[in-house]
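Residue numbers (our numbering), protein chains in the order written: chain A, 1 to 258; chain B, 1001 to 1617.
The hints are simulated quantities; they were obtained by calculation from the structure and are not laboratory data.
Just so it is clear, CB atoms sit at the ideal spot from N, CA and C, and this is done for glycine as well.
Please note that a few of the clues may not be correct.
To be verified - Distance ranges between label pairs, derived from CB positions:
#	chain 1	residue 1	chain 2	residue 2	range
1	A	111	B	1328	32 to 38 Å
2	A	160	B	1282	36 to 42 Å
3	B	1328	A	112	31 to 37 Å
4	B	1282	A	186	54 to 60 Å
5	B	1170	A	54	37 to 43 Å
6	A	55	B	1328	18 to 24 Å
7	A	161	B	1205	54 to 60 Å
8	B	1023	A	156	58 to 64 Å
9	B	1440	A	226	55 to 61 Å
To be verified - When the alpha-carbon atoms are kept at most 27 Å apart in a straight line, the in silico BS3-like pairs for lysine-lysine are as follows:
#	chain 1	residue 1	chain 2	residue 2
10	B	1491	A	107
11	A	154	B	1514
12	A	62	B	1325
13	B	1325	A	24
14	B	1166	B	1182
15	B	1048	A	89
16	A	154	B	1495
17	A	61	B	1568
18	A	197	A	143
19	A	155	B	1491
20	B	1589	B	1551
21	B	1368	B	1182
22	A	12	B	1325
23	B	1024	B	1048
24	B	1008	B	1054
25	A	89	B	1055
26	B	1325	A	154
27	A	24	A	89
28	B	1123	B	1026
29	B	1166	B	1018
30	A	89	A	197
As the list claims (entries may be wrong) - Chain A stretches covered by chain B per the calculated footprint, using a threshold of three residues with CB under 8 Å from any CB of chain B:
#	segment
31	3-13
32	58-68
33	209-221
34	236-245
These are the residues of each chain, in order.
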Amino acid sequence: MAHITINGKVVKAHEGEMLLAVIKRLGIDVPALCNHEAIEPTGNCRLCMVEITRPEWEGWKKNVTSCLYPVEDGLIVNTHTPELLEIRKTLLDLQLARCPNSELIQKMAEEYGVHETSYIANVEGDNCIMCYACTRICEVLGKSAISAVMRGQKKVIAPPFGEEPVDCIGCLACAQICPTDVIPYEDKDGIRTIWKKKFELVTCKNCGKTIVTRDFADYLIEQRRIPHEYFETCDDCKRLELAKKMGGLITKAAEVAV
Amino acid sequence: MHIDTPKKLEQWRRDCRKRQDSLKKKILVCLGPGCLANGSDKILDEFKKVLKDKKAKDVSLEAVKKTGCHGFCAQGPMVVIEPGGIFYAKVKKSNVAEIIEKTLEKGEIIDKLLYSDPDNGHKYTDYKEIPFYRHQVRISLRNCGQIDPDNIEDYIARGGYAGLAKVLTDLRPKEVIETIKKSGLRGRGGGGFPTGRKWESCAQIEAPIRYVICNGDEGDPGAFMDRCIMEGDPHSVLEGMIICAYAVGSREGYIYVREEYPLAVINLQKAIETAREYGFLGEKILGSDLSFDIRISRGGGAFVCGESSALMKSVAGEVGEPRAKYIRSVQKGLHDQPTVLNNVETFATVPVIIDKGADWFVSIGTPKSTGTKAFSLAGKIRNTGLIEIPMGMTLREIIYNIGGGIPDGREFKAVQTGGPSGGCLPADKLDLPVDFDTLTKAGSMMGSGGMIIMDDRTCPVEVARYFLEFLVHESCGKCVPCREGLLQLYKYCTKITRGEATEADLALMERLSKTIVTASLCGLGQSGPNPFLSTVQYFRDEYLAHIRDRKCPGGVCRELIQYVINDKCTGCMACLSVCPVGAISGEKKKLHVIDQDKCDACGSCHDVCTFAAIDIK
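One chain only, chain A, in its complex shape (with noise of 0.2 Å):
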């Protein structure tokens, strides 16, 4: 256990996480737009930086992100110096000039002051912050069919080439996980289309409900060692089973008990 100081406050960590889990578990309010705990730290969108020094540093101060900044003992952490509300509210208000039109960015950018981007609108941009929380959740499910591509402004989340991507599983983490809702994805007469890819969807032999698609069921068979039965029902229909096999043994403990 380690010992570091959060805001004046003296609190106990794990030596090695990062320092964006304490002050997260402390119910500090510092933004983060790239951060998830599915997926490793990048720190892409800068916004969880924070100030650290050590009692030894003899008043230097340093900005770091937290999020990729480990817990070390004796740490002193500052959430809220004036430089990092410049900051944050500075990088909220470059991500509305790209984003202009994202619910989430408003919203969030709203709450440092920013009700409109001071700085030259993308006009047509799109509502991607290049979190890449998506490729990195892709990756996590050892798959990598999608990637970062190109550099600086033409930087695009995209599958090899910009063709169908041939590791994707439609498994629908990337659009899930993805903060600003952008990427697309469709289920229609049993066929889900996302990155332009068309996947069979498995349904539930109860109630016709999607459940996942076919490539997933596969990989997980397979690769995770799941039962195959898992993908002939859906959650809610197994959560019903279950329900009858429990009432019934309610049923029988009841009946023992009278």
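Guided by the hints, dock chain B onto chain A, whose structure is given.
What follows is chain B alone, placed relative to chain A:
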């Protein structure tokens, strides 16, 4: 031949020197980038052809050597004849027969091919007396222009691999690190981090494997120092890396070279193969316990891949994007193993420090920036080329004594150092000594050594806009302040050059720059606003002239200038015929007039006028 003991190396060195001395005369043809572009390869072929056909006295075919960059690019293609350092400038293929006949056979000097000082017409025979060369001290460039990069014997004869032999026989790894620390050598890639300390940190970490990487990704526009070393003296880079491998305990090294430097890749590859053949690379180097090999990793030319963590990702086959370096590369670098990454020039300097000692190196330069630094002079300067100077020389000495000052009688306005993320320094900073700390304090930086000189017809706003455009294009796009912030700075700079910006915009740019500097993930973003910040610091009046008066004092920004014909016009009709939009009217031998409504401010008329009759207002 396999050299398996340091003793054999010395024996071989004596043989090499003997063979070199047996050549009574040497003809060195520069095949550096500048000369090559001017056809120096054809001159080399011509020398070989003529000498093959005719048996010249005292001159054998082996006497003709191709070399790497000799430095004085403005005077290329150049040919140097040794002994005597006879320097022939702007040589043409048609001069070759005459050079052989007169200079090589009869020992006569061909006057018309000598370099003459444009100020006083003085002609120099020996290049070492030319002011451009006289003020230089060459350490990392010691062999550039002197040896055939493909011929290891040339390198050996000039003391090559002596540093390595010394390390393997006399010094323990710790002592090598101590020597480099004592020499005060700092990273020549621009960061200026003490090399010895970097090696020491890496050596101290327990790990199964350590890597040594040479950064040859030189991406600054106008910089070509590393390129010339890799092309002209590849073995010095290898030797530096092998010494480093011994010091830190590494078995595997990489040289990261940009794909745009094909000749550097070829010459390095050849040098690596030769070094393996002779036993300088591979198992049991020179019979010692050291085993080390080097591979070349070619980059696609992204500027950001010069950044250490992006470079390592690129070497590993991933997308070249920087990571946060709270854990440093010496701890977790390539494949998460301890890695030493140094620049080409740094590695090329190491063997000499080992050979001549740390005290010798410390005696050159300033106390905090020891030794020398290579620079490439480009832009509005007479003597464009590759130079190496002791640290602490002033910008004025570099630009006027070595560089020969500004051509066409124009005035000096600014010098841009440190590449795109460096800054512009004005005339009143000319007496600043060039070293790591002084340039940073003045708002620029040493960078890898590109130096672009600008004359009074340069607009600082346009310069900032140009470099910002480069950075916007080259930002990896990962983090927000760099990707979005630099784009906004570029957009506002463009607004200023068009006369559309307000003073509030300028204030916004300055505030935004602060956030970009503090919040960016890597060095590219952190130094990205420098082109704007340094120009606005030193040329604020010109920014304000664009904003308040809609004038461009440098006469560059097209939307803000007018071309006007004055009464010096002789009515020669030259401008009238080149004007692409037909904005000039007038008759022969009568004053011409430019119709401002039609004029596109392209400047063609100004360029073509020989009577200084067109003013820029």
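Verification of the hints:
Checked against the given bound of 32 to 38 Å, the beta carbons of residue 111 of chain A and residue 1328 of chain B, roughly 35 Å apart, stay inside it. At about 37 Å, the CB distance of residue 160 of chain A to residue 1282 of chain B agrees with the hint of 36 to 42 Å. For residue 1328 of chain B and residue 112 of chain A, the Cβ-Cβ distance of about 33 Å falls inside the hinted range of 31 to 37 Å, so the restraint holds. One distance hint, 54 to 60 Å for the beta-carbon pair residue 1282 of chain B and residue 186 of chain A, holds here, with the actual separation near 58 Å.
Between residue 1170 of chain B and residue 54 of chain A the beta carbon distance is about 42 Å. The supplied range of 37 to 43 Å therefore holds. With their beta carbons about 22 Å apart, residue 55 of chain A and residue 1328 of chain B fall inside the hinted range of 18 to 24 Å. Our hint of 54 to 60 Å for residue 161 of chain A and residue 1205 of chain B is violated, since their Cβ atoms are close to 40 Å apart. Between residue 1023 of chain B and residue 156 of chain A the beta carbon distance is about 59 Å. The supplied range of 58 to 64 Å therefore holds.
Between residue 1440 of chain B and residue 226 of chain A the beta carbon distance is about 57 Å. The supplied range of 55 to 61 Å therefore holds. Distance restraint check for residue 1491 of chain B and residue 107 of chain A: the Cα-Cα separation of roughly 26 Å lies within the 27 Å cut-off, and the hinted pair is therefore satisfied. Note on residue 154 of chain A and residue 1514 of chain B: the hinted pairing holds, with a Cα-Cα distance of about 24 Å set against a maximum of 27 Å. Of the pairs offered as hints, the one joining residue 62 of chain A and residue 1325 of chain B holds, with about 13 Å between alpha carbons and a cut-off of 27 Å not exceeded.
Among the hinted pairs, residue 1325 of chain B with residue 24 of chain A is consistent with the structure: their alpha-carbon atoms are about 23 Å apart, no more than 27 Å. A distance of roughly 17 Å separates the Cα atoms of residue 1166 of chain B and residue 1182 of chain B; the hinted pair therefore holds under the 27 Å criterion. For the proposed pair residue 1048 of chain B and residue 89 of chain A, the alpha carbon gap of about 68 Å is over 27 Å, so the pair is violated. For the hint pairing residue 154 of chain A with residue 1495 of chain B, the CA-to-CA distance comes to about 22 Å; that is within 27 Å, so the pair holds.
Taking the CA atoms of residue 61 of chain A and residue 1568 of chain B, the gap is about 63 Å. The hint is violated against a cut of 27 Å. A hinted pair counts as satisfied when its Cα atoms are at most 27 Å apart, and residue 197 of chain A with residue 143 of chain A qualifies at roughly 15 Å. The straight-line distance between the Cα atoms of residue 155 of chain A and residue 1491 of chain B is roughly 18 Å, inside the 27 Å bound, and the hint therefore holds. Distance restraint check for residue 1589 of chain B and residue 1551 of chain B: the Cα-Cα separation of roughly 32 Å exceeds the 27 Å cut-off, and the hinted pair is therefore not satisfied.
For the given pair, residue 1368 of chain B sits about 11 Å from residue 1182 of chain B by alpha-carbon distance, which is consistent with the 27 Å threshold. A distance of roughly 25 Å separates the Cα atoms of residue 12 of chain A and residue 1325 of chain B; the hinted pair therefore holds under the 27 Å criterion. Pair hint residue 1024 of chain B plus residue 1048 of chain B holds up; C-alpha atoms about 17 Å apart against a cutoff of 27 Å. This hinted pair does not check out: residue 1008 of chain B and residue 1054 of chain B have alpha carbons roughly 38 Å apart, beyond 27 Å.
Restraint check for residue 89 of chain A and residue 1055 of chain B: not satisfied, since their Cα atoms lie roughly 79 Å apart, outside the 27 Å limit. Simply put, residue 1325 of chain B and residue 154 of chain A have alpha-carbon atoms about 25 Å apart, close enough for the 27 Å limit, and the pair holds. Under the criterion of a C-alpha separation no larger than 27 Å, the hint pairing residue 24 of chain A with residue 89 of chain A is consistent with the structure, at around 20 Å. The hinted pair formed by residue 1123 of chain B and residue 1026 of chain B meets the criterion: a straight-line CA distance of about 22 Å does not exceed 27 Å.
Between residue 1166 of chain B and residue 1018 of chain B the CA atoms are separated by roughly 22 Å; this keeps the pair inside 27 Å, and the hint holds. About 39 Å separates the Cα atoms of residue 89 of chain A and residue 197 of chain A, which puts this hinted pair outside 27 Å; it is violated. Check result for the segment 3-13 of chain A against chain B: violated, 0 residues qualifying (beta carbon to beta carbon below 8 Å, three or more required). Given a C-beta distance limit of less than 8 Å, the hint that chain B covers the segment 58-68 of chain A holds, as 4 residues qualify and 3 suffice.
Residues of the segment 209-221 of chain A lying with their CB closer than 8 Å to a CB of chain B number 0, which falls below the three-residue condition for coverage. For the segment 236-245 of chain A, the proposed coverage by chain B is not satisfied: 0 residues have a C-beta within less than 8 Å of a C-beta in that chain, short of the threshold of three.
The structure does not agree with the numbered hints 7, 15, 17, 20, 24, 25, 30, 31, 33, 34 stated previously, though it agrees with the rest.
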